[in-house]
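Undergrad: Each chain, letter by letter, is given below.
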Amino acid sequence: MPISLTHYLILSAVIFSIGLFGALAKRNVVVILMSIELMFNAVNVALIAFSRYLPVPPADAAQQGLNGQVFALFIIAVAAAEAAVALAIILAIYRERRSVSVEDVNLMKW
Amino acid sequence: MTTDNWAALVFYVISICLIVSALGVVLLPRIVHSALALVLFFFMIAGIYILLQADFIAATQVIIYVGAITVLFLFAIMLTHRSYAPDSNPGNSQWMAAVVVAVVIGGILVGVLSQARFQITSAITPGGVADVTAALGKLLMGPYLVPFEIAGMLLLAAMIGAIVIARET
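Protein chains in written order, with the numbering used here: chain S, -16 to 93; chain W, 10 to 178.
Derived by calculation from the structure, the hints in this document are not laboratory data. Just so it is clear, the structure is predicted and the values come from calculations on it, not from any experiment. Don't be surprised by glycine CBs; every beta carbon is placed ideally from N, CA and C. One or more hints might be untrue.
Quick look at which bits of chain S chain W covers, simulated, 3 or more residues with Cβ under 8 Å [as the list claims (entries may be wrong)]:
no. : segment
1   : -2 to 6
2   : 11 to 19
3   : 25 to 35
4   : 71 to 82
Covered stretches of chain W, going by a simulated chain S footprint (3 or more residues, C-beta under 8 Å) [as the list claims (entries may be wrong)]:
no. : segment
5   : 46 to 54
6   : 117 to 123
With the rest of the complex left out, here is chain W (with noise of 0.2 Å):
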């Protein structure tokens, strides 16, 4: 097989583990098997990155999303449920009327995105770099320096905020 046939084969099956595990975080009757497959969800969209050469943010995915907001969130799940019964993930009254919004706003994505005709580069790697992670960086400290700081204040702000929120009084 020649590397555009595995390349395919890896989308197709990452992006079957994908949407069947969406599907189990938002259908599994108990919600802590939600989160779980929201774990999988999490690491299948690092492979993706890495199938898109985006290796940094594929690492960033990893230590960030399945390390610590995964942590997060089974911390909470802890924290506020007594039990983990199978009816501990239950649908609203609404359920249907949000299927239809999913499905006619997903159907109306999808059909403009095929019929889209994007001017595609025909480079190996984004933009022709090697380095990618070395790219970013000087990026990240020269471009987008003000931007960078300020996303710094933001996790400050949030920790501190999180804190006193969360806080016994």
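Extracted from the complex, chain S is given alone in its bound form (with noise of 0.2 Å):
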């Protein structure tokens, strides 16, 4: 049987799920951000299968059916500023509190 799009789609929403549950699970504020890039990388998965297997519609030719390869790029780059600013969040955090728990970090908690 060969690959088509639902195998892809299903492995993008297993990993979806593998990076949800280490954002909602773990207690270590980089192994969360480290759940975070598994999620935006099965998004990235899904849309560049959709961009591959999906028809051209007439509308679109001028994009070439690449519309997907150009948001996963645009998701790359808002993920690599997203990295950044939280790790110099994390940084300053741990100067004020010496710890990256996030149960240290409860002043917003209702």
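With the hints in hand, could you dock these two chains into one complex?
TA: Next comes the structure, spelled out in structure tokens:
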């Protein structure tokens, strides 16, 4: 049975759930950020699979079916910016609290 | 074996590596090992992109994720941990609820996606173009010029913001 769009989408969904579990269940902020990167990559796989397998509508003929790849590029750029700022925030919190556990940063918890 | 069979074999090997390394990121007890599992994960994602004939995105993935973001993570770990003991990657008190939420959302996604019937193209390459990289460049400099410039501004703002936030006061 040849590999089709559905295989890639299911792989993407499985990776997304693993990342979701990590983001919800871990105590270390750095690992939560890594889990968020897992979810970003899962979404990118889905976008690029759609861009590979879906037919190009006539109205988008100028885009040559590469819209999904352009979206993935922008997601990579935004994820890089997010990682840089988030790690800077983690460093600032560590300097203030001497800890990277989310349970020590609970000022805004009700 | 035919080309389809080889592609299926490569897909399944990469998928197993992906799921194992993703589980490694969230489950390994030492945080440095999690970061190294993340490197394997990013490489395997690049393999998936090559299978999908997105070669430029695959190269971008290796340069940005494997090259830059991993180093960023390793530096963050180095600067915020005094020891890399086996308990440096602990779970929190709500991990059972997290398992339930992740399994429910994953189950719904897999169920819906495996039922959906998409209209699939039979083109050999995406959109039938031969040189994806050149076409991507023309798209970024043409229809997507404004988002491209905004992404550049966002990266500049993030860089300045990261320097200001992380600076010793």
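Undergrad: Honestly, which of those hints from before does the structure not fit?
TA: Those not satisfied: there are none.
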